[in-house]
Structure formats: C-alpha cells, structure tokens
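Asks: Sequence:
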Amino acid sequence: MSLVKNMNYYMLFLIYIITIFNILQCNALVVEEEAAINNLMIDLSYQSQWDQTNFCESNGIECTENNEHIKGLQFLQPISPDIIMGPEFLVFTKLEYLQLVSGISLNENFWEGLYTLTNLTKLTVINSVNTATMTGVFGSGFPASLEVLSMEEFNSHIQPQLFNDNNLRILTIKRGGPAYDLPSAVTGASTIESLTLPVNGIIFQGTAFYQLSSLTLYNSIGVPFVFNSFESFNNGPLALSFNSYYDQIGLTPFPNSIFLHNNITSLKVSQGWFDLSGSQIMNFTDQPRMINLEINDKSIQNINNLVLPQSLEKLHIENELITSINFLNIFQVDGLEIEIFCKITQLPSGNYSRIKMLNVANNMITTIPPDMCAVYDFDISNNQFTTLPMCMMCSYIQLGSKVKPPVLTPPACTNVHVTNYTTNAIFSPIVGGNIFLTGENLGWTLWQSEDLQLTNVELLTPNQKFRIIVGEGVGSSAVNEISIRLPDSQQLNIPYSYYPPKFNIQSPSTQSPFTLTGANFGTNSLSQVMIASSAVTGAVIQNDKVIFSQFPGPYNYDIIFGVTVTAGDQSDTFIYDKLIADPILYQPFTGLGSPGVKIMIFHGDHLTFDKSITKLLIGGVQCQIQSMNLTTISCLYPGLIQEEMPVKLIIGTRVFTSAYQKLYTCVPITNAQCINNTLVCNQGYTGDDCSSKIIYVKPPVLNGTSPSSNTTDTTELPNGDTIAHTSLISVVEIRELSGITNEIIQSYVFENWTYTAIGENQYEYNTTFSVGHVTKSNSTNITVVVQFFPEATTLSFANTTINMNPSTLKYKITMSSYPFTSPLNKLQIIMSAQFQVQVPSDQDLCSVVEFGGDADVNNDYLRLQVNDISLYGKFIKIALLDYRPIAIENIMIDPNPQDSIIETKVAIQVPHYYDNLVMDPDFSLLVDTKSASEKTTSTCEIKSKGLSKSQLAGIIVGASVFGLVIILISVYLLYKKNITVKIHLQKVLKLK
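Be aware that the sequence shown starts at -15, since it is given in my numbering, and climbs by one per residue.
Hints may be right or wrong, so weigh each one.
[Claimed, not checked] Derived lysine to any residue pairs resembling SDA-like cross-links, with alpha carbons at most 20 Å apart: (1) 599 x 642; (2) 158 x 267; (3) 158 x 53; (4) 158 x 144.
[Unchecked claim] Distance ranges between label pairs, derived from CB positions: (5) 553 x 369: 17 to 25 Å; (6) 370 x 477: 31 to 39 Å; (7) 41 x 416: 51 to 59 Å; (8) 651 x 561: 44 to 52 Å.
Calculated directly from the structure, the hints in this document are not laboratory data. Every residue gets a Cβ at the ideal spot worked out from N, C-alpha and C, and that includes glycine.
Work the whole structure out from these sequences, hints included.
Replies: Right, dumping it as structure tokens:
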C-alpha cells in the first residue's frame, strides 16, 4: 500500500517538472534573438521601456504565439543623440513589422541584408535615409513580403527599381534631402497603390503606375512646380493631393492637365503650389468621379471662376485672407456639403435646397439671404448679421449654436402653418410606413416638446416637408399617436393605425406543426396568442402565420375553441370547430325565474372549455359564465323575473335556443313562509316541505388523538316511543376523473391525519397526500375543520348567506393545489355517511336513501332515514376555486339501505383549479312526519300486522338555502383510512 502511495507522489512530481519545463520552453526567446534584443535595450538605453524579465510582455514588442521569436518591434521613445544601426535587426528572422523612432539611423548593411527578413511586411523609418554607399540598388533587394515602406526623409538619388522591382503597395517619402532627386522615367509595371513623394518641380510620367489610387506630392522650397502631364496617371480612380511642408507663395498656374484626368476622385491643394487668384477658370466639370475638393492655400485673397463637377459631395475652402469666392455653378450641384472657413462678407442668392450642408462659421457675413431657408443643414455662427430670415427666427431656440453668436432677440413667430399631413395612415405591423407633414416655417427638425427632439424623422424640404418614419408596431389610432410641438409652440397630434390581425384559413390540418395563416399578426415581441383567455407559450408568431409545434387543443375530436391573436388593442379570433353535432342544453332548467342573484348549473353536450367564445343569454340578459366544460356550464344568474325567458347559448358561430320557461312563484306552506319569493322554514323546522323537526343534541365528544367518538343517543318520538341511533360521517377519498370519459384517472384514500383543537366546539384535521405524477409537483394538503353549532347561526360562504340549524355539525374542507393530469379533468372529494337506528325486535323497520336538489336549487340534500329518524345533510352547489365562487356538482354513489343500517357515499365534484379549493357541507338529525314506510323507494322488514301507513312516522326530504354544507351531528371519528364522525344523540327531543 505504501509503495503505491509513493509511486503516486513520484508521478505527481514528474508531471510538475514536465509542466514547469514546458512553461519555461514556451516563454523563452531563441538565444540569438534574446541576445539581440538585450543588446538593443542597452544600446538604446531602453531599460525603463522594456521588461527585462520577459521581453515579450514589453510595450512595443510583439512575439510569436510560442514566444520564441520577435514578431514586431515598435520603438516609442525617441533616441538622442542619434545612433546608427543595421545588422542588429536582421537577427529577427520572423519579424513582420519594424517601426523606428527619430534618433535611429539605418546603415547600408541593413538595406543590403533586408532581403533576409522574409516575413517583413511593414517598415517605418523616421531619420533620413541615405543609400549612396550601398553596393546594390535601393529597392531591388527588398523581401517579397514587404508591402509598406514609409520614410520621413530620403537623401539620395532614387533609382526606378524602387518603384517597379519589388512588391510594395504603399510607398511614402515626405521630404527630400539635398541629394534627393527622382528618376526621369519609370518603366515596366509598378504594384504601388499609394504613392507619397516630395518633388523638385517635376515628376516622372505615370504610365507605369497602373494600380495607383492615391498620389500625394510634397513641395520643395523655391522650386516652381512645372510638371503638367497628370493625364499620364489616368490609369484609374485617383485621389490627388498637393501637400505643403514649406510656407511659400505659389508661383505657377494651376496645371490644366488635371482637367484632362477624368478619373480624379479627390483633389486637395495646399499652400505654396499654384497661383489661384488670376482669371484662370478652374473648370472641373469633366471630372465625373470627383467627390471631394479641398483648397487650403493661404497665400491668395480670392478664388475666381470655380466651376464644380456634378459628382462633387464635399467642398472645403480655408483661407483667412479670402473675402469673396466666385462660384459659377454652386447651385447646380445636388447634395453638396460646403465648408468655407474664410472671411467672406456675403452669401449669394440661389437654390439652397440643393445644398446638403453649408458651414460658413467664423466669416464676416452681414446678411443671410432668405433663400437659405431651403438649405438642409448649416452653421452660420460667429458672423456679423443682425437679423435672420423668419424661418430661422421661428426656430431660433432649436437652432442654438448654429446661429449664435450673435445673440438676437427673435420676434414673435406668427408664420408657421401646417398645410397637410397624412390622415388615416394604416401600416403593416412589421413594416411600418411613412407619415408626411408639409407646411411653412416648420424648421429643420421636429420636436415632441420644447427640449425633446422627435426621432425617426427625415427632412425632405427644409421648413416645408418632413417624412416621419413609423416603425413596426401594433394597435389602432386610439392608442397610436405622434405628438409634435411646432416652432410657434402649437401642439399637433397625428393619429395612425396598424392593420388589424386577420385570419384567412378555413380548415387547418391537425398535423404538426399546427399552422394558422392570415395577415398582420406581427411578431412574438409585438403580439400575443391566446386560447380560452390564456396566453399560449411556445407559439411562433410571424406576420402571416401562427405556428404551434403541436395541436394546441387538449384533444382534437368533437371540440370547438378559439385561437385569438391580439396585437395592441386589435385582435382576431379563429374558431376551430370540429364538433360532431350542435351544442345542446338539457331541460329542465331548475330554478330559472326565481329572484336573487345565484349560480346556476346547465347540463348539455357538445359544449366547450373555452368560455371566451361562449355567451349564455337568459331572457336576453347575459348570464356571466363562471366555468364550463364539455357537458356543464355554470353561470351567475342575474335573478330576472319575467313571464317568459328564452335560454340562448352561442358558441362561436353555433347557436342553441331553448323553449320559454315559466316564472317560479313561491307558495307558503305549513311551518314555512315566503320571503323574497323564496320558501323559508320556520324556526325549529327544516326539510323540503318544512315538516321535519330538528333534534337538539349536546356537543360531540371528540378523541384527542383521533377525530372519533362512540356515544349512543336516544330520541323520544311523537307516539311516545324512545329509540337509540348512531350516525357515522367520513371523508374517505380523492378521485381525479377524465373530463371527457368520466373515467377515474387516479385516486387516493386518506390516512394518518393530525388533530388540533382550535376553539370551543371546533377541531382541525390535516393530512398531505401525493398522487402518481412524476412530471410535476404532486404534494397536496387537505384540511378539515369540524365545528359544532349549538344554536341557530347565520354564516357567509362564497358570497352566499347560510342559515345553520341548531345542533348542526359543519365540515369546512380546504385543499391546496392539485396536480391535474389535464386542465379538462375534474376532482371528486368522497364523503361516506352511515346511519343506524335500534328498534324493538317486534317492530316494523323501513329505511330509505334520498338525494337531490332542494327547492331553492342552490343545495343538494342527502337523507338517510330509518322509520321516523333521519340523518340530513346539505351540500351547497357552490365552492371557492382559487378564491372565486364556482358552481359544482354533488353526486350520490353506492347507496346501500339495509333496514336499520343505511350507508352511502356523496362525491363533491369540482372542475379544474390552480391554487386553492374550499367546500362547506353540514349535517343534522331530524324527526320526520312522514315515515320511511310511506315512501315508495323504501326497503322494509314487516314484523307486525294491522299497522296502517298512517300510523308510521314519515320522513320528509328537505334542503337549506345556498350552501355547499353538510350539517354533521355529534361525534367526529378517525378510523384507519378516513375521517369518521360517529354521532350519538344525547338528548331526548320532547315532541308535542
């Protein structure tokens, strides 16, 4: 084991040594170059300029990628006194560029050995170059890689080979020394594209320079320039510059051969070249490619007879002595930018609309002609004028530094007029368009406010016409508007619209990708796709189509829904209709016509989950839809009172209309009265006909560790008999059902509850359960609060008033979010009810289970009756789903009457919800005036003879108003897999 450990240490140490060696190898110059660069540092006193520990990290030194060779040398600090060098640089065989500073001169050894630097592409020399002592011809020994050679001064005779015996593309010589002169001719073919030379009055013909695009000449002191064969350089487009190193007066006329070169693109004339003040006409009209003309000759006082080419884009004249310029055709050139930095005193009148920009700042102009209102841009600051044309006065503040100084006090601007602008402009959402504004004295820019400039504006005609560029967007003129503050402070608002989205497809395929076509949909950044009032993520919006990666509906058979594209405040909906039959609502419509706002449930077929395309009208008034699925619609009924009320259902383009319904009228009965057209039982009575009396009991005794109790109670009947009875109520199970087939998708049976006493006669039970999904969070919490009400109480639930009878036990069931497998599915909370009555062995025994809607249509009731005693439960048809009152269903399942023991289950069925669900059922015990034996659906065991049905106590089925409530009596029990309450009556009810 120790041997293996030691071997590991040895391997790590070896890797470390190899790594260090590689690092050192990769960061070390070859010996010759390191020695050379070290000598250069010493010779040039560059110790403070370069990093001696790593030359490759120094300023001005660039090395190859592996740091083995010097790739570039750029000297930054001038040398004094001068030092002559040469072979020192030839050591750097991989050198690509070398830039020297003043103080470093190169001897003949460098130039003769230059050919060895086969990677050198650029060489810059500041000190004067003298090649008189070279044994070879300067220019013939250059490496083929050298493309750029720049020398500040050359002091030798130049041989023709410098121009044609190498691969130079750029050759620059700015000054010539006493020994400098040019060859009389250059023959052959030169590769030079940019040539800068000093001239001593003359230059060679340019026929050899067939690639030349830039020619820059520098003058010499006292030597008049007499060369006049510039047409020989007419081998292609040429930028020609006459630059000055010396301040002198031009001695010769402007060479007319320049006018014969019809490929000049740019011409610059500096001081000391030509005499431009005479009567010679400088006519450039035969220069179809000239775009730039610059005259900077400070030795003349006037420029006369200047004729500009039509191609010219920029004219620059600078001379403080010039007081007048004679432009023969300045107003005939379109789009010209003019800069005149002289001392001219006036501007000519003319068509300034053809001038793109006029900069005459810092002149001596005394009057600004009104024609200048048409110039596109200008700067007239620092002149001598004392007034301005009205167009400039109106825009004086906005023009700012373009007209100041002098600072003027502008008069009131009263001549701003808008003569027209584009009205009812409608644009494509992704293209946009233009709005044109015309008028007088509108200025050079448009402003939203006094200090905020309007963007995306093009000046078409100064002061008269603008193009406002409207980009991509959406919406109608109700939300889109351009606000403009005019120069006279008027506010102009211009509304505009985008075309609304429009579907044009008839019957799209359900194949993937699912695509709907149309126009003006915009893009995902501008618009939104919605189905059933919910935004659809993942849909790709293009201007003429909406693309879904898969079919967007929950299913594609017997379905109808809407796809809406919303663009701003405009939208269009495509109805996807694959119904196999028209929608229908089934009668009877129980409770229609009764007063009071309430939730109503309509049942039908071929309906939809999309309430955004659905309207339900009752008596012509819209019933606000709360929720809906393929077979059920719940809506908030407005409580109309009319003799006849048609029910009209509209889904997309499909319409269903029902027969008229008659108005419900409340009729008082025994033990009840009509209040607001609603039957209300008198105190102490309940049931659908108010004939059942409430049994008063003591509060149930609940177990501290589980919600269970086992107490036997007795009740004295009206005939004097005393009987014992037991009630058992349980919350047992959760089921998720398919919204299409009603099949059970998954279920969970409750177990392991925790118990807490939270108040007098009030207890809370909690459990958390999980269902079988693995694709989403699947933990759900359910809380059941059991509360006993010894006295009559009025409660509020889901915006509904609930009247609680005395001795009632109420369940409040709350659930957190549940992970539905589909938004179309529904949930059932299953409650179990068991009722047992002990009767004498010789007495007849009849039992019956009843379940149905109460007279006020807002509750379902459950009655488990044995002879004359009933366990009575109320299930309100409203629950709170995500804190909103939503209509629900209550369904009885598995009824099992067995003489003295009755069992059944009730499913509280709710639609899909997201975060929170609250239900509120209740239970109570009743003595019935109609015995179970008198009911046709009862199950009986007859043990006595001669008893008539009129001698048996009856059980009346009843219900309470507005509640999803089951009133539980007595004890709340928790068995192994459910919450169970056993209720035993503890008080004998004396009936009169």
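Asks: Are the hints correct? Go through all of them and say.
Replies: Outcome of the hint check:
no.: 1; hint: 599 x 642; verdict: holds (14 Å)
no.: 2; hint: 158 x 267; verdict: violated (29 Å)
no.: 3; hint: 158 x 53; verdict: violated (32 Å)
no.: 4; hint: 158 x 144; verdict: holds (18 Å)
no.: 5; hint: 553 x 369: 17 to 25 Å; verdict: violated (51 Å)
no.: 6; hint: 370 x 477: 31 to 39 Å; verdict: holds (37 Å)
no.: 7; hint: 41 x 416: 51 to 59 Å; verdict: holds (53 Å)
no.: 8; hint: 651 x 561: 44 to 52 Å; verdict: holds (45 Å)
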